[in-house]
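Just need the whole structure built from these sequences, with the hints factored in.
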Amino acid sequence: MVRLNDLHPDEHAHMLARLDGISPIESAAWVTPPALADAKVALVSTAGLHRRSDRPFNWGAVDYRLIPGDVDPADLVMSHASTNFDRSAYQEDLNVCLPIDRLNELVGSGDVGSAAAWHYSFMGAMPDPANFEATGEEVGRLLAADGVDVALLIPV
Amino acid sequence: MSALAHFIERAGVATITISLIREQTERVNPPRSLWVPFPLGRPFGTAGDAAFQTDVLKAAFDLLETATEPTIVDFPHDAPGEVGPEQWACPLNLAVATDDSLGGRFQAEIDSLRPWFDVTVERRGRTAFGVTGASIDELDQVAVALLGLAETASFAELPEGAEWAFDMPLLSRHLASDMRMFYQEALAAQPGNGAPTHDAINQWIFGTTVLGEVLQLAANRALESDDGATRLIKFLMIPEGHH
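Protein sequences, first through last, are from chains A and B. Just so it is clear: in the first sequence, position 25 is 25 by the numbering used here, and no numbers are missing. Just so it is clear: in the second sequence, position 131 is 1131 by the numbering used here, and no numbers are missing.
A couple of the hints might just be wrong.
[What the hints assert, rightly or not] Mimicking SDA-like on lysine to any residue, the simulated pairs with C-alpha atoms at most 25 Å apart in a straight line are:
#	chain 1	residue 1	chain 2	residue 2
1	B	Lys-1058	B	Gln-1024
2	B	Lys-1058	B	Glu-1069
3	B	Lys-1058	A	Gly-113
4	B	Lys-1058	A	Asp-38
5	B	Lys-1058	A	Ile-100
6	B	Lys-1058	A	Thr-32
7	B	Lys-1058	A	Val-107
8	B	Lys-1058	B	Asp-1078
9	B	Lys-1058	A	Ala-144
10	B	Lys-1058	B	His-1077
11	B	Lys-1058	A	Ala-115
12	B	Lys-1058	B	Asp-1074
13	B	Lys-1058	A	Val-31
14	B	Lys-1058	A	Leu-36
15	B	Lys-1058	A	Asp-70
16	B	Lys-1058	A	Gly-147
17	B	Lys-1058	A	Ala-117
18	B	Lys-1058	A	Asn-104
19	B	Lys-1058	A	Ser-53
20	B	Lys-1058	B	Asn-1029
21	B	Lys-1058	A	Ser-114
22	B	Lys-1058	A	Ala-35
23	B	Lys-1058	B	Gly-1081
24	B	Lys-1058	A	Gly-69
25	B	Lys-1058	B	Glu-1023
26	B	Lys-1058	B	Gly-1048
27	B	Lys-1058	B	Pro-1080
28	B	Lys-1058	A	Asp-128
29	B	Lys-1058	A	Asp-101
30	B	Lys-1058	A	Ala-17
Simulated from the structure, these hints should not be mistaken for lab results. Treat the numbers as computed from the prediction; the structure is a model and nothing was measured.
Written out as structure tokens, the structure reads:
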């Protein structure tokens, strides 16, 4: 179980300090999407994933990379700066942090309307996530323009 | 992570957030969250278990039906199949070098792991190695660059070897990452008594391998730098609990 108390004491203290650095963020109006079976779904990861040909994430990056819905997992690398999370499961199976195959299976079974042509990737571990406001809103507009109804946000 | 939910929803796109640290999610209070009791790095629980991953995904999607105000639901199942440091032992024998210099021992260790790495890559059809910009054919250059930082090389100058994807000093952190990727993929060729946790892998690397020794030396040299960004490298190279 990962609650703050379950982490290494140093990591616990670090995360606790980070809670204080998180600015309050105003909620948007409540969004009611269409039924899942009619909805287009995109994935938004903060694992620092990107294609090998993309620029890697720099220190404190707030920018993002696009990941094609039909990406070959062999074409992805992870340039997240933090060393305090497991990468071995990701090495074995991309779906443990970016479940593209699982999403496509639910599209195939009719549970989900469709999968977006593009998914998005940020690098998390930002001391104050309010710094993502400009690029987060930009990705929101891009998703809306692509007809996406639901974004599933996935930390690492 | 959760903050992005607020920003994306402003464009009228509904969001669901997977939460790994519940306290952070409570603080940011996004519209719909599924807290999962899995280790950091594994938000869908377990590699290679499609049924379990689908259960997590469906539980997240259920929030579209059930939540009408900001809601955090707890996923009720732990991830199966993790083996902690107390139960796990490395199944690979690491080489004993005839050349007992740090470089000689490091090279012998890498040479002994290479066949196992190749087995894993063939089985998986991919490698996660290469974030530095180096190809696997340039593994030796990655190792030499990291060894240099453990011994005498500057954290301000790009090492020779490959077309690096980063400038210094950030490259040094990702040289460490690529070497770990190589070791972890070698390890995966012989699963032994199960897939090790992050802690078990760290105890192996920092308790028994020459790589661990090289990483500690490089990280400690980074900490001696006059440059603040270089000093930070230590904390990006060595996980909590191993400083």
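(message) Would the hint linking Lys-1058/B and Glu-1069/B be met if the CA-CA limit is 25 Å?
(response) Satisfied, since the Cα-Cα distance of roughly 19 Å is no more than 25 Å.
(request) Below or equal to 25 Å on CA atoms is what counts here, so check Lys-1058/B against Asp-1078/B. (result) holds, 16 Å
(request) Decide if the proposed pair is consistent with the structure: Lys-1058/B and Gln-1024/B, CA atoms, cutoff 25 Å inclusive. (result) holds, 23 Å
(message) Against the 25 Å threshold, does the CA-CA distance of Lys-1058/B and Ala-35/A hold or violate the hint?
(response) Roughly 14 Å separates the two Cα atoms, so the pair holds.
(request) Assess, step by step, whether the Cα of Lys-1058/B is no farther than 25 Å from the Cα of Asp-38/A, and give holds or violated. (result) holds, 15 Å
(message) Given the hinted pair Lys-1058/B and Ala-115/A, is their Cα-Cα distance within 25 Å?
(response) holds, 15 Å
(request) Below or equal to 25 Å on CA atoms is what counts here, so check Lys-1058/B against Gly-1048/B. (result) Judged against 25 Å, a Cα distance of about 17 Å means the pair holds.
(message) Hint check: Lys-1058/B vs His-1077/B, CA-CA at most 25 Å. Holds or violated?
(response) Given that 25 Å is the threshold and the Cα spacing comes to 13 Å, the pair holds.
(request) Take a quick look at whether Lys-1058/B and Gly-147/A sit within 25 Å of each other, Cα to Cα. (result) Satisfied, since the Cα-Cα distance of roughly 21 Å is no more than 25 Å.
(request) Verify the proposed pairing of Lys-1058/B with Gly-113/A, using a straight-line Cα cut of 25 Å. (result) holds, 14 Å
(message) Does Gly-1081/B sit within 25 Å of Lys-1058/B, going by the straight-line distance between their CA atoms?
(response) holds, 21 Å
(request) Verify the proposed pairing of Lys-1058/B with Glu-1023/B, using a straight-line Cα cut of 25 Å. (result) holds, 23 Å
Consistency note: the structure conflicts with the earlier hints numbered 19, 28 and 30.
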